[in-house]
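K.L.:
Each chain, written out:
Protein chains: 2
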Amino acid sequence: MSSPSRYLVSAPGKVILFGEHAVVYGKTAIAGSLDGLRTYVFFEKRDDGFLELNLPKLGLQHPLLWPISALPYSKVTTVSKENNSLQESTINEELLKSLKEIVLDGNAGNKNNQEINELQQVAASVFLYLYASLEDKQTSWCGTTVHIASNLPVGAGLGSSAAYSVCLATGLLLVLGHITIPNYGEKVGGFNISDSSSPMNLINRWAFQAEKIIHGTPSGIDNAVATYGGAVSFSKGVMENVIEFQSLRFLLTNTKVPRNTRTLVANVRKLHDKCPHIVVPILEAIEGISSKFKEIINSGDSQKELNQNIEELIDFNHYLLNSLRVGHPSIDKVREIAAQYSLHSKLTGAGGGGCVLTLLRDDVPNDDIMKIMLNLTSIGFECFETKVGGHGISILDASTISKQEFLSSENIQQFSGWKHFN
Amino acid sequence: MSSPSRYLVSAPGKVILFGEHAVVYGKTAIAGSLDGLRTYVFFEKRDDGFLELNLPKLGLQHPLLWPISALPYSKVTTVSKENNSLQESTINEELLKSLKEIVLDGNAGNKNNQEINELQQVAASVFLYLYASLEDKQTSWCGTTVHIASNLPVGAGLGSSAAYSVCLATGLLLVLGHITIPNYGEKVGGFNISDSSSPMNLINRWAFQAEKIIHGTPSGIDNAVATYGGAVSFSKGVMENVIEFQSLRFLLTNTKVPRNTRTLVANVRKLHDKCPHIVVPILEAIEGISSKFKEIINSGDSQKELNQNIEELIDFNHYLLNSLRVGHPSIDKVREIAAQYSLHSKLTGAGGGGCVLTLLRDDVPNDDIMKIMLNLTSIGFECFETKVGGHGISILDASTISKQEFLSSENIQQFSGWKHFN
Numbered sequence: 001m002s003s004p005s006r007y008l009v010s011a012p013g014k015v016i017l018f019g020e021h022a023v024v025y026g027k028t029a030i031a032g033s034l035d036g037l038r039t040y041v042f043f044e045k046r047d048d049g050f051l052e053l054n055l056p057k058l059g060l061q062h063p064l065l066w067p068i069s070a071l072p073y074s075k076v077t078t079v080s081k082e083n084n085s086l087q088e089s090t091i092n093e094e095l096l097k098s099l100k101e102i103v104l105d106g107n108a109g110n111k112n113n114q115e116i117n118e119l120q121q122v123a124a125s126v127f128l129y130l131y132a133s134l135e136d137k138q139t140s141w142c143g144t145t146v147h148i149a150s151n152l153p154v155g156a157g158l159g160s161s162a163a164y165s166v167c168l169a170t171g172l173l174l175v176l177g178h179i180t181i182p183n184y185g186e187k188v189g190g191f192n193i194s195d196s197s198s199p200m201n202l203i204n205r206w207a208f209q210a211e212k213i214i215h216g217t218p219s220g221i222d223n224a225v226a227t228y229g230g231a232v233s234f235s236k237g238v239m240e241n242v243i244e245f246q247s248l249r250f251l252l253t254n255t256k257v258p259r260n261t262r263t264l265v266a267n268v269r270k271l272h273d274k275c276p277h278i279v280v281p282i283l284e285a286i287e288g289i290s291s292k293f294k295e296i297i298n299s300g301d302s303q304k305e306l307n308q309n310i311e312e313l314i315d316f317n318h319y320l321l322n323s324l325r326v327g328h329p330s331i332d333k334v335r336e337i338a339a340q341y342s343l344h345s346k347l348t349g350a351g352g353g354g355c356v357l358t359l360l361r362d363d364v365p366n367d368d369i370m371k372i373m374l375n376l377t378s379i380g381f382e383c384f385e386t387k388v389g390g391h392g393i394s395i396l397d398a399s400t401i402s403k404q405e406f407l408s409s410e411n412i413q414q415f416s417g418w419k420h421f422n
Numbered sequence: 001m002s003s004p005s006r007y008l009v010s011a012p013g014k015v016i017l018f019g020e021h022a023v024v025y026g027k028t029a030i031a032g033s034l035d036g037l038r039t040y041v042f043f044e045k046r047d048d049g050f051l052e053l054n055l056p057k058l059g060l061q062h063p064l065l066w067p068i069s070a071l072p073y074s075k076v077t078t079v080s081k082e083n084n085s086l087q088e089s090t091i092n093e094e095l096l097k098s099l100k101e102i103v104l105d106g107n108a109g110n111k112n113n114q115e116i117n118e119l120q121q122v123a124a125s126v127f128l129y130l131y132a133s134l135e136d137k138q139t140s141w142c143g144t145t146v147h148i149a150s151n152l153p154v155g156a157g158l159g160s161s162a163a164y165s166v167c168l169a170t171g172l173l174l175v176l177g178h179i180t181i182p183n184y185g186e187k188v189g190g191f192n193i194s195d196s197s198s199p200m201n202l203i204n205r206w207a208f209q210a211e212k213i214i215h216g217t218p219s220g221i222d223n224a225v226a227t228y229g230g231a232v233s234f235s236k237g238v239m240e241n242v243i244e245f246q247s248l249r250f251l252l253t254n255t256k257v258p259r260n261t262r263t264l265v266a267n268v269r270k271l272h273d274k275c276p277h278i279v280v281p282i283l284e285a286i287e288g289i290s291s292k293f294k295e296i297i298n299s300g301d302s303q304k305e306l307n308q309n310i311e312e313l314i315d316f317n318h319y320l321l322n323s324l325r326v327g328h329p330s331i332d333k334v335r336e337i338a339a340q341y342s343l344h345s346k347l348t349g350a351g352g353g354g355c356v357l358t359l360l361r362d363d364v365p366n367d368d369i370m371k372i373m374l375n376l377t378s379i380g381f382e383c384f385e386t387k388v389g390g391h392g393i394s395i396l397d398a399s400t401i402s403k404q405e406f407l408s409s410e411n412i413q414q415f416s417g418w419k420h421f422n
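Residue numbers (the UniProt record's numbering), protein chains in the order written: chain X, 1 to 422; chain W, 1 to 422.
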């Protein structure tokens, strides 16, 4: 059976429900996948020996195009090809450096002499790094065209880079013949990350490599959520599925207030070092929130009790994040508007602006949700009604979908035939 | 030498700087005396065998008057007369019950058939309890008239009952010949509460008895601050002077939002019992704030650094009190207005409204302070510019001051001859 000539791969964004910042100090964070806020990547077979990458979402108006023969194969080592213990493996910096140069080189791929900023350069280098590391002569594909689409805001702390990384890893592993689309109901690896034989884990580990290229020292939580979906508890490098996690409905508000994650994290560190006897117990209290969340989500409480208890934890975490000085007036504004309808909110991610989560209890009338969203958008915020804890990777044999259909579709999720694995 | 025929006694209110609520769980609280917010009590000799108590501040328009002979002396036991180990001693409930009845009895003291509410009844009973317990035939005073004046708001968490208790204990110990006015510079006991021979400690212990009658199970912190002045660190029943404490300038804002301390304390308890793994570390973090305060106050830092560090602690404690759900929009409003002038605020006391402290750094222009006060009073709040950490008990031989002069004085503090002991 020949492999499909087109694949569509999709992966979700993530939000941190509880434990941001504390996770840096080895405390437990809980993150979940974002339903409906996903990145979609279209992979199409070529026969001309070229790689084409389209990144309109990152502001690149023209495709980037490289002859496969231009890749520096001599620098691909067993380290960069190794995928069994990728969690620990390091990036082949020499290979990466060469690839970054190729991205900028007008003679290789940057045919239109577009200005390429750092973010675009890194995104393209990740693609080439994965391609060069994974290339396998077993495939019938002699070249690939890749198109990226996404409704995930970039740089808003919603894991857009991980969704991109997971899609690239999945698509390239498929295209280059390392995995096939798992069958529905087939054991695809679930959450046992140490089981290196499962395709899901292979994808997750290569996506983690991509994340390392993008972020330096990522926690691995974003790519895990984008891969496996659902909700994940993460502490000191150990991730586990939050087993009984039911989808929770949230309003996600992007305040669009720009913030610098690195600076926010560094400021918490300063506060921690200056006042350890205050900050260490605060981090311990945040650990208590994550533990309590895992306890109540498995408690069999009624939906009403569960929601009330989660709202209590949301408030605790909001105040404690404020005590770490990562709050912002824009976050308080969202809280204030949601509170007018008895809804509870907290920042998600680094804080200092960015995104805010508001739990939408089942008893909240749709009218109220509409009013809150109107109110929030009228002051310049962007809102998404979403569920946390849905599908991870989804794959579609897209042989019957043309590139034009993909590019012009307003709802890629609606194509029939998507395969989900959780 | 005959004793004076009139005494004027004064004691300050208190504010909690750090550690409210946490102190209930054995954590350290820091409290300080309020400069200029004091209760004044005028004691005048009578020869007719009557006790007269004037409590206009509590809404009693007419004096209460009792013949000393009406006091139930048979019920005064060694327990109620004992003053060496008062810290542990219990109230003579039988004596107290009789006295409460006498207060309400029109034939004994309530000559004008005034309606007497519970607060007034307790205040009068405290007076009679101390008198009956302390009476000593060694005195030349055969009756006393007592007038209370105060610029301390009642029921605002500023220790008005302790200031009242300390004044009564001091005045009655003087009037009944147990102590004399200590000489300036005389060792009056300082803060060594276990030194039972010092007049200050004797006063503090009797004031604590009065506080027990008023509050049931007071911590003892309010009467200690009213007695000794300065700042006090208090934890698990052990109090110590904050040695190097220099007066700090604050704006004290009474939001006048009524709150029920008992309910607020009970709600924190519920939260604590429901989520111990969150609340216990929060209380630990508050302990860290009090420790840090004692550390920096003794660090020899410049005034500027000291103020910056205290502001940091104020913010920490504000956010952590919010995490215990004892905040209130009125408190946030004060914080917001003060923040417009880069000043930092926190609630003081039980929260849920009540009073707010704003640190006034030395570099704040008086104009700014005026603007903040105008802004706060325009929305119905009451402001006091005050120092924390001033005098405790002050005593004046008031032989040359008439009752009329006392009652008509707008600034009792300005009488000359006050003796302070810290």
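Wrong hints could be hidden among the right ones.
The list cannot tell twin chains apart, which means a pair is met if one copy fits it or any two copies do.
As the list claims (entries may be wrong) - The list that follows gives simulated cross-link-like pairs (lysine-lysine, DSBU-like), each with its CA atoms no further than 30 Å apart:
1) K256 with K387
2) K387 with K274
3) K274 with K304
4) K270 with K333
5) K304 with K270
6) K274 with K236
Hints are computed from structural coordinates only; laboratory data are not their basis.
Owing to the predicted nature of the structure, the values given are computational and were not obtained by experimental measurement.
K.L.:
Taking the hints in turn, state whether each one holds.
P.N.:
Each hint, compared with the structure:
Taking identical chains as interchangeable, the C-alpha atoms of K256 and K387 lie at most 30 Å apart only when both belong to the same chain, with a minimum of 20 Å there against 43 Å between chains. Only between protomers do K387 and K274 lie at most 30 Å apart by alpha-carbon distance; the minimum there is 27 Å, versus 39 Å within a single protomer. In this assembly of identical chains, K274 and K304 lie within 30 Å of each other by CA distance solely across copies; the values are 17 Å between and 41 Å within a copy. Both within a single protomer and between protomers do K270 and K333 lie at most 30 Å apart by alpha-carbon distance, with minima of 27 Å and 28 Å respectively.
For a Cα distance limit of 30 Å, the shortest separation of K304 from K270 across copies, 19 Å, qualifies, whereas the shortest one inside one copy, 40 Å, does not. In this assembly of identical chains, the alpha carbons of K274 and K236 lie at most 30 Å apart whether taken from the same copy (23 Å) or from different copies (27 Å).
When each numbered hint is compared with the structure, no violation occurs for any of them.
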